[in-house]
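Line order of the protein sequences matches chains A and B. Numbering follows the numbering used here, in which position 139 of the first sequence is assigned residue number 139; successive positions increment by one, without gaps. Numbering follows the numbering used here, in which position 107 of the second sequence is assigned residue number 107; successive positions increment by one, without gaps.
Keep in mind that the hints were calculated from the coordinates and are not lab data. Only a predicted model underlies this, so the values are computations on that prediction, with no experimental measurement involved. Please note: incorrect hints may appear among the correct ones.
One copy or any two copies: either way a pair holds, since identical chains are not told apart in the list.
To be verified - Pairs of lysine-lysine residues, derived as DSSO-like cross-links and limited to a Cα-Cα distance of at most 27 Å, are as follows: (1) Lys313 x Lys68; (2) Lys68 x Lys416; (3) Lys18 x Lys173; (4) Lys71 x Lys416; (5) Lys214 x Lys416; (6) Lys416 x Lys49; (7) Lys217 x Lys173; (8) Lys357 x Lys218; (9) Lys68 x Lys143; (10) Lys217 x Lys231; (11) Lys414 x Lys68; (12) Lys143 x Lys218; (13) Lys231 x Lys414; (14) Lys173 x Lys49; (15) Lys49 x Lys217; (16) Lys218 x Lys49.
Number of protein chains: 2
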Amino acid sequence: MSEILAHYLIETPHELEKAISVIAGEQSSGTFVAVPGETPELTARHRAKIVTIEPLGFVETPSLPGAKLSKNEGSPIYRQARFTLSFPFENMGANLPTLFATVAGNLFELSDHSGLKLLDLDLPQEFADAYLGPQFGIEGTRKLSGVFGRPLIGTIVKPSVGLTPRATALLVKELCEAGIDFIKDDELMADSPHSPFSERVSAVMQVINDHAEKTGKKPMFAFNLTDDLEKMMRHHDTVLEAGGTCVMISLNSVGFPAADFLRRRSQLPIHGHRNGWGMFTRHPMLGIGFGAYQKLWRTIGVDHLHVNGLRNKFWEPDESVLASVSALRTPLHGGRFAMPVLSSGQTVHQPQDTFAKTGTVDVMYLAGGGVMAHPHGPGAGITALREAWEAATSGIPLETYAETHPELKAALGKYKA
Amino acid sequence: MSEILAHYLIETPHELEKAISVIAGEQSSGTFVAVPGETPELTARHRAKIVTIEPLGFVETPSLPGAKLSKNEGSPIYRQARFTLSFPFENMGANLPTLFATVAGNLFELSDHSGLKLLDLDLPQEFADAYLGPQFGIEGTRKLSGVFGRPLIGTIVKPSVGLTPRATALLVKELCEAGIDFIKDDELMADSPHSPFSERVSAVMQVINDHAEKTGKKPMFAFNLTDDLEKMMRHHDTVLEAGGTCVMISLNSVGFPAADFLRRRSQLPIHGHRNGWGMFTRHPMLGIGFGAYQKLWRTIGVDHLHVNGLRNKFWEPDESVLASVSALRTPLHGGRFAMPVLSSGQTVHQPQDTFAKTGTVDVMYLAGGGVMAHPHGPGAGITALREAWEAATSGIPLETYAETHPELKAALGKYKA
C-alpha cells in the first residue's frame, strides 16, 4: 500500500519512542484516550508507523516553551533526534492541503515535545498523478527567454513600492537596453492604487515587445499577481494577452489550492516567491525545512523557486542555500524540476563558488545593487555578472578573466568580496 | 490617507531604531542601497513609518540564529522591544494576500534582528469594504443549530482517521441521541479513499435529517472540505444539497485566496481550523500572534475559529487562550465576530473558570474524552457538560450543583480537576 514518509527533527524531555508515538497517534488513527471505534483492524490499517529514530544528543534548555513534564521528570534533559513516520496514503488520498494538515498540522502544538521540525517528505506516485507539476521548468524558461548554457541574469524592480507604471516601464527600458534576461516585480507590488496591474503590464510590455522586435531578445518579466483568486486569474490573462512570459505569486500568501487552481489554467511559467519563509524555517527546532517545502510546491507545479544566494544579506547560512539548490536539482517523481532563483546581496563575487559548489548554470541569478550600482551603469553591471559566470564555468580565476574584460574589472573594484 | 498599523515584537543586537528602520525600509519603498528612482517624494508617500518603539529589556543569548553583527559589536546584548509601523494603504491597496507579504514577508529573514513576531494589525476600512467578513458568525450559528443562551456543546469524530461513512454515521446517530449540538470532522479527514466525501455527507446527513425530523433538533455537523479548490466548491454544494449546515477548512492548508473564494460563494458557516498554528506562534520571538491572525481570517469571513481551551492538552498557556477569546470578542470594523471554539482536553472542570475569565457563553465547547468517556455514556457526558456551564453561569459551585444533577456528579468522579 502506498505511503507518505515524513522526516522530522524532534526535541523532547520524554523517552524518544514515547514522544514520537504520541505524534504518530495524534496525526493518524489514535487519540489521547482509547475510543470505541478504534478497533485493532482500523489501527493496523491507518495508524502512522515509526520507521526510524536516530538519536542526536541532548540539550539542557528546551528550545520551545510548553513541553509538559511528568511528575518524575524534575530536571529533565531534552533529547534531540531525527525520525521518520510512515503515513498510509489511504488516510488522506491525493489531497495535498490535507496532507499538509497531517504532516504539518496540530503536531507542532503537542506538549510532548519542546521542538519539532518537518525536514523532508517522500510522496507516493498518486500525488504526481493528481497534481500537474511545473509546466515550463528550466527548459521552458530557457526557451521563452532565449537564454541557454548560462544563468538568467536578472533583477528586481526597485524601489519596491511607489513607482508608477510609466516609471516602471522607463526602468525596464533601461534594463532591456542593458541586456537583462529577467526582471521581476517586488513581492510588495501587485495591484495597488498607484500602480494598477493592467496599466503596469501594458506600459512594461510595450517596452519589452518593442525591444524584442528590434533586437530579437525578449527579457522575461515576472508580474506579481498575488491577490484574490478571481483577480489573479484575470491578471494572468492580462499578462498573456500583452505578450508577457511569466507570472509571479507569493506562495505563502496564496496557499496551495489557489496556486494549484492557477497552475491548472496558466499558460505562463509561475515564479514562486517564498516571502514569509523565514517564519517557517529560521528556528532550527520549529517549522518546516526547505526539503519538504519545495516538494509540495513542485508537486503543484511552480516553475521557479527562490533559495537566497551564497553570502546573502539575509540570515540564511551558505550550507542551507546549497542544500536548497541541491534539493531543487534532485528529481521528484522522475523530474518536476523548478529553477532555483539565487538572490539577496549577489554580485560578481559569488558566481565562482556558487558554480563550484552547485555544479550548475541552470539558475536565475538576481542582483539589485549588483546590477544597478556598477560604476559604468546597469548595462556594464549585467555584462560583468555574465562575465563572472563565464569565468566560473571556464575555471578561470576571476582576476585573470577581468584583465581582458573591463566591465568585470570595474565591478571587482566596486564590490567588496 | 489610510494606513495599516502593524505591531511587532523584535529582538536585535543593534540600536533599536536602526534595526526597526531597516525593517520599515525593506518592507516599503526603501532598499539596502539607494536606487535612482527613490525620490524624496516617493519616499515621503510610500515609506513605512515608525510610530512607536517601547523597549522591553534585553537578553544575552539570541533567540534565533543569523543576526549579523558589525565589527564593533563583539559581545552584544540583544535588545527586545515592541514597535509599531504604519504602512500607507496605497502601497498594496485592499489586497489581503499582498498585505500579508508586506507585514509578514521577507522581514523574518532579515539579519538585523534575532527575533521578530507580528503581534497585531489595525486595518483600515478599505479592507472591510473589499472583504465580506463572517456571513453567519455567532447569531447565524445559533439560529442554524437552535442553541441559545449557552455554549454549543460539541465533539470531534474519533478515531480521526479510518471510520467508513457508515461507521461515522453510526457514531453521529449515537451523539444525536445523546443530545449533542455540534460535531466536526477531524482535520485529518476530508475526502479519502476509505471515506469519500459525498458518501460520508450522505450517510451522516441521513442520520441528522432523520433526527431533526423526529425531535426538531438539528445538530450542526462541520464537514471538512479542505482540498483542491474545485473539489472544495463541489463539496460545499454536496453539503448544502444534503441539508448540512456547516463546512470546515484547515485555514493554513487552504490559504487566503481560496478561503475568500469559498466565502464569496458559500451558503453555509465556515468552521476555521487552525492546525499548523503552533508553527507560527509557539516560539515567543518568531512568527505571528493570534491578534493579527484572527483579524485576517475575520476580514475574509470565517465564522468559527479555534482557540484551544483552558488547561488544554497542548502547549498553550491559559493566558494565551484567554487573550485569543478576548481578541475574537473585540469588534473588527464594528463587528465581524467569529465564534471562539474551545477544545483540547476539555471536561466539566473548565466551564467554571472559562466563564469567569471570559464572561461569555458565545463559544463552542468541544470535548472528545470529556463526552465519550463519561461513565454513563456520551449522553450523560453531554448533559454533564451542559450542567457544568449552567453552574458556571448561575454562579453556583460545581459540587453544589452536582448534588442535584447526577450526570454532573458522575463526571466529577470520573475526570480529574
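Inset, instruction - Using 27 Å as the alpha carbon limit, work out where Lys173 and Lys49 are close: within a copy, between copies, both or neither. - result: neither (57 Å within a copy, 31 Å between copies)
Inset, instruction - Please work out whether the CA atoms of Lys414 and Lys68 approach to 27 Å or closer within one copy, between two copies, in both situations, or in neither? - result: between (55 Å within a copy, 22 Å between copies)
Inset, instruction - Pop the pair Lys416 and Lys49 into one bin, within, between, both or neither, using alpha-carbon distances up to 27 Å. - result: neither (52 Å within a copy, 31 Å between copies)
Legend entry - Alpha-carbon proximity between Lys49 and Lys217, which holds within one copy, between copies, both or neither at 27 Å: Neither: 54 Å inside a copy, 41 Å across copies.
Inset, instruction - Check Lys217 against Lys173 for me: Cα-Cα at most 27 Å, and say if that holds within a copy, between copies, both or neither. - result: Answer is within; shortest intra-copy Cα gap is 13 Å, inter-copy 68 Å.
Inset, instruction - Evaluate Lys231 and Lys414 at a C-alpha cut-off of 27 Å and name the case that applies: within, between, both or neither. - result: Classified as neither; 43 Å inside a copy, 55 Å across copies.
Legend entry - Homomeric proximity label, Lys68 with Lys416: Cα distance no greater than 27 Å: Only across copies: Lys68 and Lys416 sit 17 Å apart there, 49 Å inside one copy, limit 27 Å.
Legend entry - Intra- versus inter-subunit Cα pairing at 27 Å for Lys71 with Lys416: between (57 Å within a copy, 16 Å between copies)
Inset, instruction - Could you figure out if Lys357 and Lys218 sit no more than 27 Å apart (CA to CA) within one copy, between two copies, both or neither? - result: neither (30 Å within a copy, 63 Å between copies)
Legend entry - Homo-oligomer pair classification [Lys218, Lys143; C-alpha up to 27 Å]: Within one copy only: 11 Å inside a chain, 59 Å across chains, cut-off 27 Å.
Legend entry - Intra- versus inter-copy proximity for Lys231 and Lys217 (alpha-carbon distance at most 27 Å): Neither, since 30 Å and 42 Å both go past 27 Å.
Inset, instruction - Tell me, please, which holds for Lys68 and Lys143 at an alpha-carbon limit of 27 Å: within, between, both or neither? - result: Neither. Shortest intra-copy (56 Å) and inter-copy (40 Å) distances fail the 27 Å Cα cut-off.
Of the numbered hints given earlier, the model fails hints 3, 5, 6, 8, 9, 10, 13, 14, 15 and 16; all others are met.
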